[in-house]
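2 protein chains.
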Amino acid sequence: MKSSRIHNLITAAVVGALAFTTTVVQAADALRSWNDGKTKQSVIDFVKRVSVKGGKDFVPVPERVAVFDNDGTLWAEQPMYFQLAFALDRVKALASQHPEWKEKEPFASLLKGDVRSALSGGEKALMEIVMATHAGTTTGEFEKIVRDWLATAKHPKTGRRYNEMIYQPMVELLRYLRAFGFKTYIVSGGGVEFMRPWVEKAYGIPPEQVIGSTIKTKFEMRDGKPVIRRLPEVDFIDDKEGKPVAINKFIGRRPIFAIGNSDGDYEMLRWTAAGDGARLMMLVHHDDDKREYAYGPTSKVGTFSDALMAQAKKNSWNLISMKDDWKRVFAFDK
Amino acid sequence: MKSSRIHNLITAAVVGALAFTTTVVQAADALRSWNDGKTKQSVIDFVKRVSVKGGKDFVPVPERVAVFDNDGTLWAEQPMYFQLAFALDRVKALASQHPEWKEKEPFASLLKGDVRSALSGGEKALMEIVMATHAGTTTGEFEKIVRDWLATAKHPKTGRRYNEMIYQPMVELLRYLRAFGFKTYIVSGGGVEFMRPWVEKAYGIPPEQVIGSTIKTKFEMRDGKPVIRRLPEVDFIDDKEGKPVAINKFIGRRPIFAIGNSDGDYEMLRWTAAGDGARLMMLVHHDDDKREYAYGPTSKVGTFSDALMAQAKKNSWNLISMKDDWKRVFAFDK
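Heads up: the protein sequence lines correspond to chains E and B, in order.
With the first sequence counted from 1, adding 505 to any position gets you my numbering.
With the second sequence counted from 1, adding 505 to any position gets you my numbering.
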């Protein structure tokens, strides 16, 4: 090998290493809403391990798949899942078209403002509310309904728009991963078409990377134009065992990074962890009743059971303490 | 505005225009298996219209979605769908584990080499064959079975491997579109997990951009490790009205470019055509019995009905004549 060629190779290697270091430093700064410490460092170390070319844990860019739960992981979920708040508001908005609801549960209780009684009917009552408020429209109409709701509805505790209730450290983490070639996906129990209208702006996640629960839809002609109509029938529930099933169906690759916050995410983390090579599994722990909420095994929303905590410890999954690891929770925090 | 700033702006515009022109020229050269003429030009013109910044038909990169049917559009489909050839080979391979098949239709006829009698049982017989050969394994096992089959099975007419029976002009078209920022998807009636093991290498389409028919799957633990098992139950048939439904579910954006070759693609083209702004709809016409096959309205495989031809003419969808528009059909052609 000619010495000039050797020189060129060395130069390339040094420049490459410098560029990488610069990127890591810049990106670490991009995680500015994270407190320095073990948790932030575990993310930086993992990203470094999988992206240094020639390293033993190197992962090619197309395989850098990261999956994020949404409710309680990317945005808040208390005092009730925001999609349920949407559904309840829709019941009120649609009540005048449904005079029969005054006599019919769960709608009658809801319209009297008694959410607890309305939901006492369990799964069946909930499904009736979901179908009455999420089906019947075309996909285009539903998108507009979601957008209009987000533009006006306010969170009961903070008075903020729901799409402002997103975790700033997570927005930074998503951006950080993408800067290193990761493809970031939402894998949520929430409805796909409830998320798509706002998640691209909120998280930088495009519609085709939103995986969630779905109702069936039907292609049909309306006034000579094709539409897709939303039917009052469950297609898929993207929760628990459904999450790895949906990941396989929509992505067809096993993620190397997975992050959730509740029992519904256990199988997704388990599926991610069972692959070969370097991977990172994380769980957000809501332990911050000052800036957000503190809840765990006894909460009906976002249950983080003792069994999940035991699994997290046994498998060395990383816990994110909202209180200790996050410098800031929401962008609107000082 | 300072004159130096004006100068910079002009320079930037000129450089931009030059860069664009160079890209168009290079890319047109990339379509080298296409004969010059109206069809090739319609592709080049369309791509130019949607990608010139500031042009009235400009489409932002994330919205440049192109959907391709697979059987008969990206690869051949005669004398039978290749996935059916796979299924028939699997029946033979599995026969020793199923002694009961000797007496049971449609398997008995198949094992005697009488495909016609086996398939005379219609949809029901076909489903029995599909489920017996596509379900029961884990997703990982099935991927290996598909890879092993592709490595050995040969097309009855050309003697080539099935994944060599891909249309070279289409491989170039996919590459050309991607060079202009398009995201290219398969939207096929074929099975997702039958396509994923080979389409990335063949077409440059990654697993997460493969939409197709699916059977149900189930997450379960096996020897302490999670697996996804394929169940003998249809989940979704991605054909006809199913195509726009799946496009909405998986992509969540309406394509601006759609290409198919048979009646199963009509609704996909219709859905694509009904959006606002510039769009291109194309249909491959198999009229080349010398280099490939010639078939149309009377073919059971890849039916191109007179009604579809009438719609194509009425809506000015572009017909691709395999005989006239393609300089070469397969990469192995001289």
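Just so you know, not all the hints are guaranteed correct.
Pairs count within a copy or across copies, as identical chains cannot be separated in the list.
[Unchecked claim] Capping the alpha-carbon separation at 25 Å, the derived lysine-lysine pairs in DSS-like fashion look like this: (1) Lys706 <-> Lys839; (2) Lys558 <-> Lys706; (3) Lys629 <-> Lys545; (4) Lys819 <-> Lys730; (5) Lys832 <-> Lys561; (6) Lys818 <-> Lys730; (7) Lys543 <-> Lys832; (8) Lys629 <-> Lys819; (9) Lys828 <-> Lys617; (10) Lys543 <-> Lys819; (11) Lys561 <-> Lys609.
Bear in mind the hints are in silico, worked out from the structure with no lab data behind them.
Everything numeric in this text was worked out from a predicted model, so none of it was measured.
Now the hints, each set against the structure:
1. Lys706 <-> Lys839: Result: close within a single copy only, 22 Å intra versus 50 Å inter.
2. Lys558 <-> Lys706: between (32 Å within a copy, 22 Å between copies)
3. Lys629 <-> Lys545: neither (42 Å within a copy, 56 Å between copies)
4. Lys819 <-> Lys730: between (56 Å within a copy, 15 Å between copies)
5. Lys832 <-> Lys561: Neither: 33 Å inside a chain and 46 Å across chains, both beyond 25 Å.
6. Lys818 <-> Lys730: This pair counts as between: shortest inter-copy Cα distance 18 Å, intra-copy 55 Å.
7. Lys543 <-> Lys832: within (14 Å within a copy, 61 Å between copies)
8. Lys629 <-> Lys819: neither (36 Å within a copy, 48 Å between copies)
9. Lys828 <-> Lys617: neither (37 Å within a copy, 70 Å between copies)
10. Lys543 <-> Lys819: within (18 Å within a copy, 65 Å between copies)
11. Lys561 <-> Lys609: For Lys561 and Lys609, the Cα distance exceeds 25 Å both inside one copy (63 Å) and across copies (53 Å).
Of the numbered hints listed earlier, those contradicted by the structure are 3, 5, 8, 9 and 11.
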